[in-house]
Structures are given as C-alpha cells and as structure tokens.
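Chain order of the listed sequences is A and B. Heads up, the first sequence is in our numbering, so the first residue is 354 and it goes up one at a time. Heads up, the second sequence is in our numbering, so the first residue is 354 and it goes up one at a time.
Keep in mind that the hints were calculated from the coordinates and are not lab data. All values reported here derive from a predicted model rather than from experimental measurement. Check each hint, because a few of them may be wrong.
Note that identical chains are pooled: a pair holds if it fits in a single copy or bridges any two copies.
[Said to hold, decoys possible] Heads up, simulated BS3-like pairs for lysine-lysine below, C-alpha to C-alpha not over 30 Å straight-line: (1) K654 / K501; (2) K536 / K469; (3) K609 / K469.
Each chain is listed here by its residues.
2 protein chains.
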Amino acid sequence: MAVIKAALLGYGTVGQGVVEIIQSRKKYLEQLTGAEIKITAILVKHLDRPRPLPASILVTDQFEEILDQKPDVIFEAINGEQPAYTYLSRALDADIPVVSANKALLATHGAALFAKAEKKSLSVKYEAAVASGTPVIGTLTRLLQVNKVVKLEAILNGTTNFILSSMHNQGDSFEDALKAAQKEGFAEADPANDLEGWDAFYKLMILSQLIYGKQPDWHEVTRQGIIAIDQSDLKQATLQGERIKHLAILEESNGKIIAAVKPVHLDSSHSLYGIDGVDNAVTMTTELAGPLTLRGPGAGKMATASAMIEDFLTLFEDQPEKQLQL
Amino acid sequence: MAVIKAALLGYGTVGQGVVEIIQSRKKYLEQLTGAEIKITAILVKHLDRPRPLPASILVTDQFEEILDQKPDVIFEAINGEQPAYTYLSRALDADIPVVSANKALLATHGAALFAKAEKKSLSVKYEAAVASGTPVIGTLTRLLQVNKVVKLEAILNGTTNFILSSMHNQGDSFEDALKAAQKEGFAEADPANDLEGWDAFYKLMILSQLIYGKQPDWHEVTRQGIIAIDQSDLKQATLQGERIKHLAILEESNGKIIAAVKPVHLDSSHSLYGIDGVDNAVTMTTELAGPLTLRGPGAGKMATASAMIEDFLTLFEDQPEKQLQL
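Isolated chain A (complex conformation) (with noise of 0.2 Å):
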C-alpha cells in the first residue's frame, strides 16, 4: 500500500489529538485514502520532554530535520507567527501542501502564503483555525461558490462567550466568572488575548480574508473587549429583554470592508442571543440562501484536531495528482 508521511509541527494538545486521530482511525483513513498515513517526524521546542511515541517518529528541533524527511504533508499546531511562517513558506517552497490551526499566523501571512501556494498549485488548509471543530471555513468556502455573503456576525471567542454567559446566567461578577473560566481551562493563565478581543480579531481577519479576498486596514478595525462590561449592564440589558454578546462583526460597503470586534446587545430574536457558554456560533447572511448559522464548539483538543484531518482529506479532491503522490 503507498504510503503518505505526514510531519507535525508542535506536540501540545492539539498535535497530540493529531497524532491520536490518525492512529485510532487508521483503517479507515486508509479506505479513504488508499494509502497507509504515517507521522513519521515531529518538530517540538523542548526535545528533553518525555513523550511515549514509538521510536520510528524523528522527534526533532530542528526544522531541517524535518524537511529532509520529505513529507508528503505537513500539520502545523504551533502558536503565533512566527516561527511558522518561515516554516510554512518553506514547507510550499518545497513543493510540501500544509494543514495548519494557526490563527495569528493566517491573520498576519495567510494571503502571502494562499499566494506562494496558488502558484505552486498546492493547499494550504485551516479550517481548524477558526471555531476549532466547528466547519466555518469549508461551509463559507461552498456558499460563496453561489452565494455572496452580505453580512457576517459572529461568536468566535469561547472564553469570553463563557464569561458574559456565566455573569448573566448565575449573576457572577466579571472576576468571578473569569476565575470559573480558568479553573475549567476555558481561560488561559493570562487571558489578555482573550478578554480584549485580540484572538477573535484573528478569526475576524482569517474570514475577510476568506470572503473578500482581502482584509480591512487593522487600525480601522474597532477591537474591544469584555473587561468593562459589569452586572449592571448586564441587568439593564435584561430588563430590556437583550442579551450582551461579545460579537465579531464583518461586512462590505461600497467595496470597503468594516468590521468590529466588540460587545453588542441583542434581543431574543437574533439567533446568536441563545448561544451560551464556550461554544462559538457564525450567522451568515447570504444573498440567496438568507441567514445560515453554524454553531459548535469553539476549541478542544479532538474538536481541533478532527478539523485538521478533515482539511488533510480534501487534499485529495484538490490537485490530488500534485500535492500527494500516491
């Protein structure tokens, strides 16, 4: 059976889930493939971690290394962007497609490496970058084949979601609720990125990118956070039967693209107003199919990386001749 190797950049937890999915699902990746995948090299930052992999896994530090292995693929499961970038471009130099749940990284070098990777035919993939398991990317990617997207409006933070849900739900104050977040490993020990909007700004970037073929200028993108908003705004929402939702919000007008990540009231009618605790939620409005929501979860280790085996199966149906020679 041909074999297809596969190198994973990063063993936190969603490399981790990788590397899980691909072993527990072996026979059937390989009916669906027709090939046997193998992960046979691993880039980690810390090479004097234990790690119960089989021995013929490369366990490297070295990007090199990893490249001399010549991958058929490469997943890409590290933060921020860089290094990946460089990785990433060199990876498409290579002639390597990727798969990568990098959100800084797409924000910032997404359109660079689309284009590095049209010319070269090859994929670039990332749909676990954006609401994690949950299929944003490749349901946008089949609407705007027919439709056009009007308007975007979106739940693409799980932590602060949690919080305005908790501080709503069970009265708890902002720190509280954040706490509760920490302690159920919603929120990160400095959870900055978060609360002031910068990780859904990402997500916000990655669809503008995906929608209009182009992002707005950054500093014309209004970003505000959570940490402001108290049980006083929460009660005098309610009293008008609204809900604060933490909100990222896109559209187009007059070819100029605006958008805003910020809190936002809604009353009981906008189908985001129901969406509590870590999921995330994305409300398309289309021209011809109306108003399309998809909601799930917005992070997790098996929810992430199924996302990234899902964006490596559709490898084959593009360019298949090119990008993995079976």
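Guided by the hints, dock chain B onto chain A, whose structure is given.
Coordinates of chain B only, in the frame set by chain A:
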C-alpha cells in the same frame, strides 16, 4: 468555450429559481467551471401554460425528448416519488448525473439510485432535499469522513416550527397559527403532509441513509404530528421553563437505528430551544467534534435553487473526467 447542457425536470418555484441563478450568475459559473452552462430542455406537466422562456429551450411533457437532447446533467425539481424515480433511473442508465430536490423520492428510492449511480461512477446530489439552502447534507458528508455521528436532533419542517412558535410567542390557537402560516405562504392549502410529520419523516430517512447507510423499518419509526398540541400544553411547558418543539431524532443503539418524529419538551440549555419561525435546524452530536448545530431556511425558491447549483458545482469534484466531459 465548452458547453454543459443541463435539462430541468419540473418548472415550479424551485425549477424557476434554478433557471434564474444559471442566468444571473452566468459569468461567475463560467469562471468556476470553465464552461458555459446552458439549460437546453425543460420537462413540464402542462405544456399549454405560458412561460417566459427563450425559444432555444425545448419545453416538453415527454421525458423521451429530454433524453434525446443528451444533457450532461439533469436537475430534478418535481414532487413525489413517481414518475421522478423512473426519470432519474433512466437518466443514470444514460450516464447522466442528477441533482434532485425531491425528498419523497430520495427517502423511498435513494438507496437504489445511489447503488445504480455508484456502479457507473456517477453522482446523485440532493442537498436541496433536506433543509433547502441550509447545507446539512454537505456538512454531514464531510464530518462523516472523520467523525461518527452519535445522535442527530433536528427541526426539519418549517411549517410546524412556525405554528408552534406563533402559538408560543403570540399565544395563538393552533387554528389561528395554521391560518397565519398559510397566509404567509409557509403552509400548503392541504397541510397534512407537514402537520402529520411526513415531510420531516422523509428528510429523516434521507439523513439515516447518509449517516448509517441504511434506514430503519418505516413501521417502527414513531411519527407523531402537532395537531393534538394546544395552548394548555404550551403553558404547562412554559411554567417548567420548557418549549415544545417538533423534532426529528435519529440515533443508533447496538446496531439498530432508532428514529422518531414527534413533539418534544426542551429546556433552555438545548441547542434547538430558541429556533423560532420557519427555520430548520440540525444538531449533530459527533464523536470528536462534539455537538454541531446548523440553522437556516428550510424552504424558499432561491435558497433551494442555490443548493442545487452548489450540488451541480460539486459534480466537478466527483469524477469530473467521467461526469462532465468538457
């Protein structure tokens, strides 16, 4: 430029939508497919009705004449299992891929059509048959590549959901809510198909075929409509913080498929609790990606036609060399 000859069976609301999209998106579809898509023939029931169509399109009530045109693809937008099944069987026999929006046909003869199509490496596409423009079929198809669907709960009939929403939100009686639905064009003059759960039942059987590769024995499926629900039931539910929703439910237990269409009490934590009006919504509980919910229009001319055109475009991904010879 290459030409793709498309034939259309049925020229009701949805069929007209298909023609409109192919005309209004002409240039865009040419870019995507590299070919000009021409509707060359339309099968109608009543030949004598006036139709504002160009003379280049053959309008006929004889299916033979459709086949004589040797179309590259057939769009089917008629109602009921026959004669649609005969037509589509013969289309596949003649090596023509088909795109259908016909739920009664697909629930009844889907398995036979899929088997016939598979033998010939052809596709039968049917996104529009379940939840119209809401891409339930496409989303499930992709999820199933990596995920198992553990349970599916759905609002698959917009009419009954509209009636229950009106009864709940405006305090309408069942009769008044039904009249309002008919006035808005959301319910047929003879609404039995919706109210007794047949419409949702057909869609659920299509989903069972997709998810489990088979259907339960139809006689063992609970199919309960909403006719017996009155204001006192809704008030009782509201007192308990619940809503009554008309759900279609599907799960597999020990290799046996359990399916039901029936009114169910939902508490506010349920993802389908807040789905009001004529929308459809599907919650898929998956093994890895968790519960995903997709919400959107369950009917409508352009939403349904748009799903059919998306299906048509996916024919280029599935065995293009055989299906659409450009």
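Tested hints:
Within a single copy, K654 and K501 get their C-alpha atoms only as close as 32 Å, which misses the 30 Å cut-off; across copies the closest is 17 Å, which meets it. For a Cα distance limit of 30 Å, the shortest separation of K536 from K469 qualifies neither inside one copy, at 42 Å, nor across copies, at 55 Å. For the homomeric pair K609 and K469, the shortest alpha-carbon distance inside one copy (25 Å) is at most 30 Å, but the shortest distance between copies (49 Å) is not.
Hint compliance for this structure: hint 2 alone is broken.
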